[in-house]
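Here is how the chains run, residue by residue.
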Amino acid sequence: MNDHEKRDFQAGLEAEVDAFMRGETTRRTFITRFGQMTGMLAASGPILAMMTDWALAQQKLELADAASPLGQAQAAAMKASMEGPADGSAFRAVEAAKAHSGVTLNMTYEAGLQALDPRNFSGPMWEQLTGMKSNVVELSNPDQYSKAVAEHIAGSGAYDVLDISPAWTPSLANGGVIAPLDDYIAKYMNPADLEDYHPLYKALPTYKGKIWGFFDDGDMFALYYRKDIFEDPKMVEAYQAKFNAKLAPPKTWEEYAQIAQFITDQMAPNVYGAGHFRKAGSPGNQFDFLQQYRANGGKLFGDDMKAGLVSDAGVKTLQNMIAANAASIPGNNELDAVSLWAAFLTGKVAMIYSWPPSGRMAANYSQSATAINFIPQSQIAGKVGYAVVPGNPEHATGYNKALSADSANPEAAYLFMQWACSPPVSLARCMLPYALRDPYRISHFKSELYGALFPSAKEYLSNLNNSANVGLLDPIMPGAQDYFLSIDRMCTAVWAGADPKASLETAAAEWNETTDRLGVDSQKAFYTEFLKLPGATADNTVEKLGMAVTL
Amino acid sequence: MQHTATISRLKATGAPPRLSGFAQWADRHFKWLLVAPAVLLILALSVYPLLFSLVVSFINYDFQVPGHAFVGLKNFERVVFDPVARWSLLLTAWLSGISVAIEFVLGLLVALTMVRSFPGRGVIMSILIVPLFISPVIVGQAWTLLLQRPFGPTNYILTQLLGQEVTIGWMTESPWLYVSLIIADVWQWTPFMFVILLAGLTAIPPNLYEAAELDGVNAWQAFWAITLPHLAPMMLLALTFRLLDAIRMFDTIFIMTGGGPGTRTYTASYYLYTVGFTQFHLSQATAGSWLFLIFTALVVMLLVRRLLKTEPV
Chain A
1 MNDHEKRDFQ AGLEAEVDAF MRGETTRRTF ITRFGQMTGM LAASGPILAM
51 MTDWALAQQK LELADAASPL GQAQAAAMKA SMEGPADGSA FRAVEAAKAH
101 SGVTLNMTYE AGLQALDPRN FSGPMWEQLT GMKSNVVELS NPDQYSKAVA
151 EHIAGSGAYD VLDISPAWTP SLANGGVIAP LDDYIAKYMN PADLEDYHPL
201 YKALPTYKGK IWGFFDDGDM FALYYRKDIF EDPKMVEAYQ AKFNAKLAPP
251 KTWEEYAQIA QFITDQMAPN VYGAGHFRKA GSPGNQFDFL QQYRANGGKL
301 FGDDMKAGLV SDAGVKTLQN MIAANAASIP GNNELDAVSL WAAFLTGKVA
351 MIYSWPPSGR MAANYSQSAT AINFIPQSQI AGKVGYAVVP GNPEHATGYN
401 KALSADSANP EAAYLFMQWA CSPPVSLARC MLPYALRDPY RISHFKSELY
451 GALFPSAKEY LSNLNNSANV GLLDPIMPGA QDYFLSIDRM CTAVWAGADP
501 KASLETAAAE WNETTDRLGV DSQKAFYTEF LKLPGATADN TVEKLGMAVT
551 L
Chain B
1 MQHTATISRL KATGAPPRLS GFAQWADRHF KWLLVAPAVL LILALSVYPL
51 LFSLVVSFIN YDFQVPGHAF VGLKNFERVV FDPVARWSLL LTAWLSGISV
101 AIEFVLGLLV ALTMVRSFPG RGVIMSILIV PLFISPVIVG QAWTLLLQRP
151 FGPTNYILTQ LLGQEVTIGW MTESPWLYVS LIIADVWQWT PFMFVILLAG
201 LTAIPPNLYE AAELDGVNAW QAFWAITLPH LAPMMLLALT FRLLDAIRMF
251 DTIFIMTGGG PGTRTYTASY YLYTVGFTQF HLSQATAGSW LFLIFTALVV
301 MLLVRRLLKT EPV
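Those sequence lines, one after another, are chains A and B.
FYI, the numbering for the first sequence is 1 to 551, going by UniProt numbering.
FYI, the numbering for the second sequence is 1 to 313, going by UniProt numbering.
Hints in this document: simulated from the structure, not taken from any laboratory.
These figures come from a predicted structure and were not determined experimentally.
Each hint should be verified, as a subset may be incorrect.
As the list claims (entries may be wrong) - What the simulated footprint calls covered on chain A by chain B, stretch by stretch (three residues with Cβ under 8 Å from a Cβ of chain B suffice, anywhere in the stretch; the number is not a length): (1) 169-180; (2) 244-257; (3) 323-332; (4) 342-350; (5) 359-367.
Beta carbons: idealized from backbone N, C-alpha and C, even for Gly.
With the rest of the complex left out, here is chain B (with noise of 0.2 Å):
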């Protein structure tokens, strides 16, 4: 009956036309018509200069060497063998795993702050999340402003807190050069762990904890036995997602430190900015750039490994 109903309005419209050969085809395969556009400008922006940097990696592509001579593993070779290229990579790793720690740790306490409606959290909510739409360079140009010597704010404060003077050189003695970077980074991400934990905390089932309390759970146990399992998925996301944008970690170095004093705050990408923006070895740069990724890449293989074992089937 549907069938004949369907027909019956067809003919009611006036039925289309018998199509020919070469409009079959393209009737068939007009899917694939519309997405190829799509398909080519992703291919022509991405997957051409990947392959052309792939190309300038194995050849020299340097702004003061004319030619593009082909010199084999010669630009990997030269950062493997860089102690600077070697440092930027196990501080990118340290101040990476710190920073998010931090994050971690703040974003599940001020989660689990909120997560329980009181008058004002909205607002409370709204401007913690602030630092989450500043720009990087404009979080670093603020925390310069803050820090540094001898016009900002911070040693003065400590000095009247704790009753005697306090010279730090917040961004040039270490340790606290790298104090001050973990925590421009850790002001301007703890929200971005916040407001993930957040979500997750929600969508914990409140029967869950009733159920917890009529058995005489207290909070503590309740915590380890009900909010971590649930909660352990979001953590994993969180934990990727931030770890994968810290490990890029540039401007706050770039406007804070400059990557001093000497090469103390080079992080990978700002070793990678350094080599071929500021020196012009392009092909040294790009094959610093193919061993970072590789190493990303095995950092979120493991985590996405991680994180797809804890979804539920």
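Next comes chain A alone, as it looks inside the complex (with noise of 0.2 Å):
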């Protein structure tokens, strides 16, 4: 030891024997406190569990004004879940579900105003019912999907309920990720409100052969356009000195853009003909595309599974879609979906095709709700007409509700899932003004309740349910995002600039990679299985199946 090292060890030894001597930490007391520490970690979990079922148990009933349609509808619900009829599946979910109080079931929702139908109404009025508790569980759209899946495969039995989309569902099912409801519906659902469902929606959750959830979102595009625009005698004479034509809701995409044309010359920069959500990302590009070029006679694929998408039809496409941005409102391919409801509901706009939440925001009823406080006040409450998207609309995507596989509680997941879908719980659900759930029974597009939200909410609903007659619905196959994404990239290349040949066959070797990495005849088989299912195609919509809803 040379000199340095002995003074390094003395001074440490001093600092030792003095730390000791004061009483300060030692090994000992160091390892004694780790060990309490460790074991207050440990019951830290059981303690931090019961919080939760605290905090949980905060979650209240939201029930609006009992004299409001949303508050007779809520009574209804409560009082079919109560009391009966005996034969319904509300009251019969509810009877047979008692004998699960104490389960938590857990259920994912999309993140955001989608989860507050099960925080603020159905989780609790469920509990109240049943005893059994609800965890939602909020996700991003793409984790509905690949946290269900990762899940799965690690067996962790963390959902209960799965909300994905119709899409999802021959991957899920195939994958094992969700369970069939055949023996549950057999043995607690009865039948007549499955007949309940529109046509459109009540094969959605079928896949080969068996049911794998409860379709549970009209999520039916419906075209909102400004009546008092349309109705005002200096442009509808303008209109016809011009085309020789009346002005009215357009019934083909060319009087669409021509439309749109006319009212922007006419009235720009005070309102526009029209606007679209076309930003990188927002579906409104796949949607779109895809419901137009289906109208145009455009086929998704060929005999061979190679992409139909290099046609005619794709071109056509693309020009209509072309010829309606330019007669949009500057920064038309900037928007996303919420911001042109913020450019529908402050006048900017003539003509907007979107989802159903359109006709309660432009009449000013989801706006009751704080929670959707961020939607302007709208402007043009009262001047709002309704009608079906020239050809055929798109069903643009639409929510399942479907029983995960590996759930601890298949049958009280399962009595959920009916309860919340059944006709009386599902219609106070849909009615909600922060609810981004949509109608989809015929017994909501009926609803004198509904009806009577706002003062035009009947034309609403009739718009609605015509639109699902005539309607198409997503592709409903794996790879369905892959085929999205190739659209939606295709599209704002073609907006950016490119010539949209090109990039329909960019956009077709995209998907005809997709195709052969999920195998060419397997795809073929999905595709198959989705050309039975009523609105696949422009020519087997409902109504040429001869199945339409009148009301």
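Combine both chains into one complex, guided by the hints.
Written out as structure tokens, the structure is:
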């Protein structure tokens, strides 16, 4: 030991002895406290769980004024759940679910407004009726797929009820992520309640002859237009003079672009003819292209499963869309769905086609909820007309409630699904001002209570029903998100000046690569299944199959 | 004498008992026992996922294709031959290079301005560094609100200033969409450059400038002869840190352009996110991440080597 080392040793030893004498922390006390801390950590698990349960119990059932249409619908849902009719799906679900009192159901919901329904209404009401608690897991839309699959691979049993896009059903069913409901339906459901679904939506959760969920959100695109502008005598006269035709909601896409351009020419910069959500990643591009392309006779895939995009229908669709963009509000290609709503509600745009909340917002009904106050107050309430989108409107995604195959309480989870989607309960859920759940049952479209929500609600419901009669479904098959992404890239590239034909070729190449990756034969089988669904093509809409619903 | 004093104190307090064999072993290895939990935690949280991701990049791990079959280099092949991946890498290099260069120049100018004391300097400095504390997502949203038509005021203000109508599509038209992304990045990260360079500037001994002044050296000569050489290590440090962060550019693109139009604003991070979490091709995204990591490591090696060279021995 040299002098330097001796000095260090001495200093260290002295410091240690001094600390020992002062009663400061020793290794022993360190180990003791470390043990105590570990023990506390172990104990904190149950304490946290208790606190979570307490927090969940704080969820309160929010009920509307009993005299309002929503309040009456909520009361009717409660009555149907508690008093029957005894063969009603809501009543039967509640009666059977009482045996599962105390169980907590973990359910995925899209983050934000969608999750407010189970947090504020259906979750607390279900707990009041059955004693079952609900834990709402908010996820972004892509995560509603990926997390469900990831948890299934991990075998965690993290979720009981899954909110999924209908397009994911084949993948999730084949992957064993979701379970079929047929046995439960036979045991608990009133078959008449299945018949209450609009025919476009009824078959959506069906795959390979089994039912893999309950359809729960009628996301039908519809046209919302400014009646005051379309009925303005000066505008009517000018349109008649220019085109020798009556100014009315368009029936074809060419007419749509023409009317949009006419209004822009006449009224800009105060009002523009149309607006669209065309921003990259905003799903407007894929939905709009798919509805117009198929209405123009385009086929998604050929017999050999090669992409059918590079066709006259594809070029015509993109050209129509370019014409509509040119006739639209400045910044049209930068808008997402919410900013498009803002443009429409503030009176800057004469026509939009979008999801059903557009109608409720235009009437200022949605804005009665503070949760949705990021949407501006409608300056066009009472001035909005409803029409079917030219050609065939897109049913733009929607939601199915599906049963997780890994649920520890599958029967309890199923019973919640049956109850939430039963006619009286689903009606009350669709009527919530902040909810983004849209009418999908025939009884919803016919509901007097819904029809009393705002002055033109009956026309609104009628238009949604008529749109569903001729509506088209998004492709329901594995790889759907890849195909959609290619369309979005193609459209936004074209909006930025790329050649339509070349862009169609790029998108088609991407589609073919996706199909090859997933297996041509396998994809063909999925596509064949999809084509069997009403609304898969413009040639087999509900109306053309003779199943149209008239109210 | 010191040893005797220590032993006396030990006796006075009661000498520790003689240790058993195990206790002696534990005493010798106590330090390892202490660090073991941390080491195990690091292994579990970083090394294991890293190795797992390496395995994933050689198998099928796709949420749409059942099974985890070994696919060799197929996932890497898909990335290498994907034109979008190549474009995203190029754009990453280009965008990060330009952004960091502008941030560096602006940061240096601001630091040179702020190095001398003047009234209100503290307040101005506080305001200048505010963007650093804002989440990039919020920055993207704020610039979107400013630039997005028809609601953003930018075109209106430019129209008023220029006296003619300005209708720029800041987030959909080339080259303006790149300009928008660079502006947002520069706005947020110039303060980072400024803070580091200011620290470097204040560390330069003032007597050097005083001596130079006595020798009749002008400001420009002093900058080249004194400031720049002394500041070089800090400059390289700032550039290295910033570049490493800039090549991961994602948040502002996600909010402002969504990668579009087409795939024009796909950076490497955005590409990997899209493949992994929009298309659910996790194994392809993982393979791409490894390739990206290799490219990044090369850049890091070059910069760090250069940085170490500048350190005084």
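Structure-based check of each hint:
| no. | hint | in the structure |
| --- | --- | --- |
| 1 | 169-180 | holds (count 3) |
| 2 | 244-257 | violated (count 0) |
| 3 | 323-332 | holds (count 3) |
| 4 | 342-350 | holds (count 3) |
| 5 | 359-367 | violated (count 0) |
The structure does not agree with the numbered hints 2 and 5 stated previously, though it agrees with the rest.
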